[in-house]
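Enquirer: Let the hints inform the model, and build the full structure from the sequences given.
So the sequence lines, in the order shown, correspond to chains A and B.
The numbering of the first sequence is full-length UniProt numbering, which starts it at 1 and goes up by one.
The numbering of the second sequence is full-length UniProt numbering, which starts it at 1 and goes up by one.
No wet-lab data here; the hints were simulated from the structure.
Since the model is a prediction, treat every value here as computed from it, not as a measurement.
Errors might be hidden in some of the hints.
Heads up, simulated DSS-like pairs for lysine-lysine below, C-alpha to C-alpha not over 25 Å straight-line [said to hold, decoys possible]:
id, chain 1, residue 1, chain 2, residue 2
1, B, K238, A, K197
2, B, K184, A, K192
3, A, K197, B, K189
4, B, K228, A, K192
5, B, K185, A, K192
6, A, K13, B, K247
7, A, K197, B, K185
8, A, K61, A, K31
9, B, K247, B, K228
10, B, K238, A, K192
11, B, K20, B, K404
12, B, K316, A, K102
13, A, K102, A, K308
14, B, K184, A, K197
15, B, K384, B, K368
16, A, K192, A, K180
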Amino acid sequence: MSELSVDHLLGIKYLKEEDIQLIFETADHFKEVINRPIKKVPSLRDITIANMFFENSTRTKLSFELAEKRLSADVVNFSASQSSVAKGETLIDTVNNILSMKVDMVVMRHPNPGAGVFLSRHVNASIVNAGDGTHEHPTQALLDSYSIRERLGDVAGKNVVIVGDILHSRVALSNIFALKLQGANVKVCGPKTLIPKYITSLGVEVETNLRAALEWCDVANMLRVQNERMDISYFPTTREYTQQFGVNKKILDSLDKEITIMHPGPINRGVEITSDVADSKQAIILNQVENGVAVRMAVIYLLASKIKQ
Amino acid sequence: MNILLKAAKIIDPSSEHHLKAKDIFIENGVISKIEDEIAPGTETKILSIKGLHVSNGWFDTSVSFGEPGYEERETIANGLLTAAKSGFTSVAVNPNSNPVIDSNADIGFLKNKALGNAVNLYPIGALTVNSEGVDLSEVYDMKSAGAIAFGDYQKSITNANLVKIALQYVQNFDGLILSFPSEKKIAGKGVVNEEVNATKLGLKGIPALAEELNIARDLFILEYTGGKLHIPTISTAKSVQLIKEAKEKGLDVSCSVAIHNMVLTDDVLNTFDANYKVLPPLRTQSDIEALITGVKEGIIDFVTSDHNPIDVEWKKREFEHALYGTIGLESAFGALNTIFGTEKTIELLTKGKERFGLNTSKIALGEKADISLFNPEETYIFDKENIYSQSKNSAFIGQGLKGKVIGIYNNGQLITNE
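Expert: Set out below in structure tokens:
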């Protein structure tokens with residue numbers, strides 16, 4: 001397979017397993033590129049990309065922008081606070097205005113689930129979803145799987161537990177789709193209040209005991225508790241959350257194998273994981289960040305080559 | 001003008017002509033002859049249409065027209081014309097306008113707007129002032145002006161004591177209370193059915209529990225207070241069961257189901273198309289089966305289009321930001337006829353007017369002609385060109401339907417969609 005089966009990256013659930021492998025093989029090449037003294041290739045000199053962030057983001061936005069620039073694409077940035085959205089303009093109008101300035105691709109983060117899918121149906125550009133509400137964050141899931149592959153050789157057959165706020169997490173959802181597609185075994189772990197009632201329909205198991213989850217897994221992906229998305233308290237206090245679902249060095253050392261710790265960031269140190277875990281050699285958190293650039297380069301490169309056809 | 005319907009098959013089990021094709025002569029708005037063959041006189045409009053069927057006029061218990069205040073969604077004039085072209089001679093209009101219909105004068109406004117229309121407009125008054133759920137509005141005064149029932153459309157009554165007081169208060173004048181079934185805190189910020197699809201799509205779910213809990217609460221209150229309660233648009237299998245048990249207990253409760261909740265499941269949400277954003281949300285196939293069984297067994301008293309025109313500015317946007325509602329008058333007959341067949345569909349569309357204090361019409365000599373005209377055999381794909389409403393927000397676009405409406409005759413006026 002030499003090209004993606006899709007024209008947009010809207011979510012992992014719209015991809016095939018071969019798409020993921022193609023993205024990873026392409027990312028392998030770009031990872032080598034970004035470790036050269038000259039970290040840049042001229043591939044996308046004829047492509048203009050708009051990064052449209054309707055919701056705050058630091059690392060994802062930076063990662064996309066670096067990926068685009070290292071492919072030599074022209075890049076324009078836009079964030080909602082400085083835009084006409086505040087003046088009441090609709091999403092379609094905002095994006096169409098930018099597209100009429102001859103933009104080829106839109107990387108969008110948006111607070112509403114399905115905003116990327118909605119946009120792809122109404123505007124004429126390739127759309128990359130950089131996170132849409134509680135729906136999907138496909139590039140995060142791709143870089144997470146890529147990092148597992150890098151650390152453990154393969155994703156298929158591995159036991160992965162996703163710990164924390166599953167209910168409000170696009171990262172969890174995209175990771176579940178990506179891991180299942182590649183043949184991993186997936187459990188979710190957290191307080192029942194933060195686990196969707198119908199999550200097992202996605203082929204994952206629910207584990208409410210952290211120790212049992214950690215004993216089972218090869219990889220633990222620790223999610224941040226998304227207080228900003230909660231309309232009521234789903235647990236009494238952060239302190240009590242940490243007592244049940246926080247990972248510290250003591251627990252890790254008591255396991256009879258060395259598991260890999262991941263985190264999509266930003267970390268609440270001392271809540272989901274303690275500092276000594278975050279900074280330990282078992283954690284691949286910074287590898288994830290580095291791989292994020294290579295994976296995003298791959299995604300953009302592969303979608304752009306479809307535009308050029 | 002006098003009208004002669006040629007070879008119209010009559011669907012009316014109470015008539016001696018049930019299932020027979022007859023010529024029907026309507027003179028000055030009254031049925032004056034029903035015979036095998038009637039010769040047309042002068043100044044008679046002849047309606048000779050292949051496959052013509054006729055029944056008593058259809059009634060919809062829940063439509064919204066926007067006016068006053070939301071004329072960009074729909075006006076009363078075009079709303080009533082849409083009803084007529086969709087085969088309905090009577091519609092109950094919800095109070096969800098701006099201002100909310102919560103006073104005698106507001107009811108008068110609606111009645112006046114519909115004066116002389118072919119379609120009978122029956123207003124539903126808001127149960128609480130401005131539909132805010134705090135103070136009872138002047139329900140007696142509204143009843144005097146022509147309101148047929150009282151409810152706050154899709155705003156559930158969060159204060160249980162208000163339900164109790166309302167059910168007690170309206171008993172003086174045999175009033176009917178509508179209580180939309182949704183426990184607000186459980187429903188939370190949900191926008192679709194809480195199930196597999198909501199989980200996959202990352203959309204916040206409304207648990208079936210929210211609906212069922214509210215119904216259970218209202219039924220407990222009804223058992224205590226007595227009075228007449230109508231629960232509009234139920235959508236879950238367990239809700240059907242709750243109503244069934246209440247009826248077996250002898251409680252004076254009725255309920256309805258929206259037609260789209262019997263046709264579509266939440267599987268259609270994959271595209272995030274806001275035309276499928278409705279309240280109550282589209283549920284699952286097993287709910288649909290329970291709802292259809294409930295209708296067949298008479299547990300569910302009414303089927304409604306829950307017609308709710310929303311202009312494109314409030315539909316063509318991000319799913320969470322779009323307003324709830326679908327139009328449904330135009331597709332109502334075709335959708336029901338596809339599920340239930342003609343005789344049952346006509347029964348569903350004509351029964352139960354007395355629940356809302358309205359008279360039932362009859363196809364008989366000397367009766368006022370209040371009839372719907374249709375062809376139950378015609379099949380077609382429902383499309384934008386089948387929409388008469390000002391707003392085009394139909395969840396039925398692309399659905400294959402069997403059964404097309406020809407029009408109505410009511411209040412001395414013939415309206416057809418030809």
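Enquirer: State for each hint whether it applies.
Expert: Do the hints match the structure? See the list:
no., hint, result
1, K238(B) - K197(A), "holds (18 Å)"
2, K184(B) - K192(A), "holds (21 Å)"
3, K197(A) - K189(B), "holds (16 Å)"
4, K228(B) - K192(A), "violated (40 Å)"
5, K185(B) - K192(A), "holds (18 Å)"
6, K13(A) - K247(B), "violated (45 Å)"
7, K197(A) - K185(B), "holds (17 Å)"
8, K61(A) - K31(A), "holds (18 Å)"
9, K247(B) - K228(B), "holds (12 Å)"
10, K238(B) - K192(A), "holds (24 Å)"
11, K20(B) - K404(B), "holds (19 Å)"
12, K316(B) - K102(A), "holds (24 Å)"
13, K102(A) - K308(A), "holds (14 Å)"
14, K184(B) - K197(A), "holds (19 Å)"
15, K384(B) - K368(B), "violated (34 Å)"
16, K192(A) - K180(A), "holds (22 Å)"
This entry does not satisfy hints 4, 6, 15, going by the numbered hints stated previously.
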